[in-house]
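Visitor: Residue numbers are given in UniProt numbering: position 192 of the sequence shown equals residue 192, and the series is strictly consecutive.
Since the hints were made in silico from the structure, they are not lab data.
In this text, all values refer to a predicted model and were calculated from it rather than measured experimentally.
Backbone N, C-alpha and C fix where the C-beta goes; we use that ideal spot for every residue, glycine too.
There could be a bad hint or two in this list.
Derived Cβ-Cβ restraints for the label pairs, each shown as a range [what the hints assert, rightly or not]:
| hint | residue 1 | residue 2 | range |
| --- | --- | --- | --- |
| 1 | F193 | V248 | 41 to 49 Å |
| 2 | C180 | I88 | 21 to 29 Å |
| 3 | T129 | Q173 | 17 to 25 Å |
| 4 | I190 | L225 | 19 to 27 Å |
| 5 | S184 | I47 | 30 to 38 Å |
| 6 | Q125 | I47 | 13 to 21 Å |
| 7 | T33 | C180 | 31 to 39 Å |
| 8 | Y179 | A257 | 36 to 44 Å |
| 9 | V204 | S132 | 27 to 35 Å |
| 10 | I130 | V204 | 24 to 32 Å |
| 11 | V37 | A257 | 22 to 30 Å |
| 12 | V248 | V175 | 18 to 26 Å |
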Amino acid sequence: MPALLNDFFPNGLFIEHLTVGLTNMILSTILATLQTVTLVVFATDPIFTGNPSYLIMLNLSVADLVQLTFHILSGFFIIFQSTFHSWIDKVSGALINSGCVAYTQMTMLLAINRFFIICYPHHFQSLFTIRSVKIWIVCVWLFGASFFSVYMSPIVGVSFTPSDYMWGVVGQQSVLLGYCEYYSALFAMIITFTAYVVIASKLVRTPKSDILASRTRSSEKRILLQAVIISSIVAFLQYMWYNYETFVAPSKWAFFAINLLWIVTCGINPLLYLFLNV
Numbered sequence: 001m002p003a004l005l006n007d008f009f010p011n012g013l014f015i016e017h018l019t020v021g022l023t024n025m026i027l028s029t030i031l032a033t034l035q036t037v038t039l040v041v042f043a044t045d046p047i048f049t050g051n052p053s054y055l056i057m058l059n060l061s062v063a064d065l066v067q068l069t070f071h072i073l074s075g076f077f078i079i080f081q082s083t084f085h086s087w088i089d090k091v092s093g094a095l096i097n098s099g100c101v102a103y104t105q106m107t108m109l110l111a112i113n114r115f116f117i118i119c120y121p122h123h124f125q126s127l128f129t130i131r132s133v134k135i136w137i138v139c140v141w142l143f144g145a146s147f148f149s150v151y152m153s154p155i156v157g158v159s160f161t162p163s164d165y166m167w168g169v170v171g172q173q174s175v176l177l178g179y180c181e182y183y184s185a186l187f188a189m190i191i192t193f194t195a196y197v198v199i200a201s202k203l204v205r206t207p208k209s210d211i212l213a214s215r216t217r218s219s220e221k222r223i224l225l226q227a228v229i230i231s232s233i234v235a236f237l238q239y240m241w242y243n244y245e246t247f248v249a250p251s252k253w254a255f256f257a258i259n260l261l262w263i264v265t266c267g268i269n270p271l272l273y274l275f276l277n278v
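Take the sequences, apply the hints, and build the full model.
Guide: Right, here's the structure in full:
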C-alpha cells in the first residue's frame, strides 16, 4: 500500500501525510476514549448526576466527543489526500464546527452557573435547578444546530483541505459566517471572563474564619480552577483560529499546529477532572 501511494505522492509526501494523519487519529482517539469514560462517570455516578454544574460539564464532553470523532476522520482524509465524497466532507465539517460553536457557548453557561452559585446563591436555587439547567443546555444545542443548518446550506459550508491539514469555512457567504462565528465566540468569552473576575473577587473576600465558607471555598475553587482553565484554552484557541496570521505565515504546518491545539482543547476536560478531583 505505501509503495502504491508513493506513486501518487512523490518526494516522500506520503510519509509526511501518513505521519500527520496518524498523529491526528491517534491523539484524537486517545482523547475521545478519555472523554467517553468521563461521560459514563458523569451520567451514572450519583455524585455527579444531581449536580447542575456537572450536567453542564457532561454536555461539554459530548461536544468535545463530536469534534474528536471528526478529527479522527480527518486523519483518513490526510493519509489518502481525499475527503472521499463531497457530502462526507460537508456533513463532517458541519458537525465538527457546530460542535465547537456549542462548546464555546457551553463554557459561558458554566461560567454563569459558577457566578450565581458563588455570588448569588439564593437566586441559584431557582435559576439553576436540574430542570432549568436542562432547558439552558437545550438552548445552547439549538444555537449550535442553527449553525449546523447554515453549514449544510448550498451557499456556505465547512470543508477539510487534506493538503493543508485544515478545516475552513468556504462558500459565497464564508466571510459573513466567519464574522458570525467570531463575534458569537467573542461575546461568550467576554461574559465568561467577566463572570470569573467577579467570582475571584468574591472568593478573595470570603472570610477564612467561617468554617462553612472555608469548605465552600475549597470546593468552589477546585471547580472554578477547572472552569477557568477550560475557558482560557478555548479563548486562546478562538483567538489563534481567527488571528493566526498575526504570529505565523499561512502554511500547512501552521494549520497543522492550530488543528493540534483544537484537538488538545477537545481533550482537556477529562485531564482536568482527573488532576483536580483526585
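Visitor: Are the hints correct? Go through all of them and say.
Guide: Evaluated hints:
no.	hint	verdict
1	F193 x V248: 41 to 49 Å	violated (25 Å)
2	C180 x I88: 21 to 29 Å	holds (25 Å)
3	T129 x Q173: 17 to 25 Å	violated (40 Å)
4	I190 x L225: 19 to 27 Å	holds (20 Å)
5	S184 x I47: 30 to 38 Å	holds (33 Å)
6	Q125 x I47: 13 to 21 Å	holds (19 Å)
7	T33 x C180: 31 to 39 Å	holds (33 Å)
8	Y179 x A257: 36 to 44 Å	violated (24 Å)
9	V204 x S132: 27 to 35 Å	holds (29 Å)
10	I130 x V204: 24 to 32 Å	holds (30 Å)
11	V37 x A257: 22 to 30 Å	holds (27 Å)
12	V248 x V175: 18 to 26 Å	holds (21 Å)
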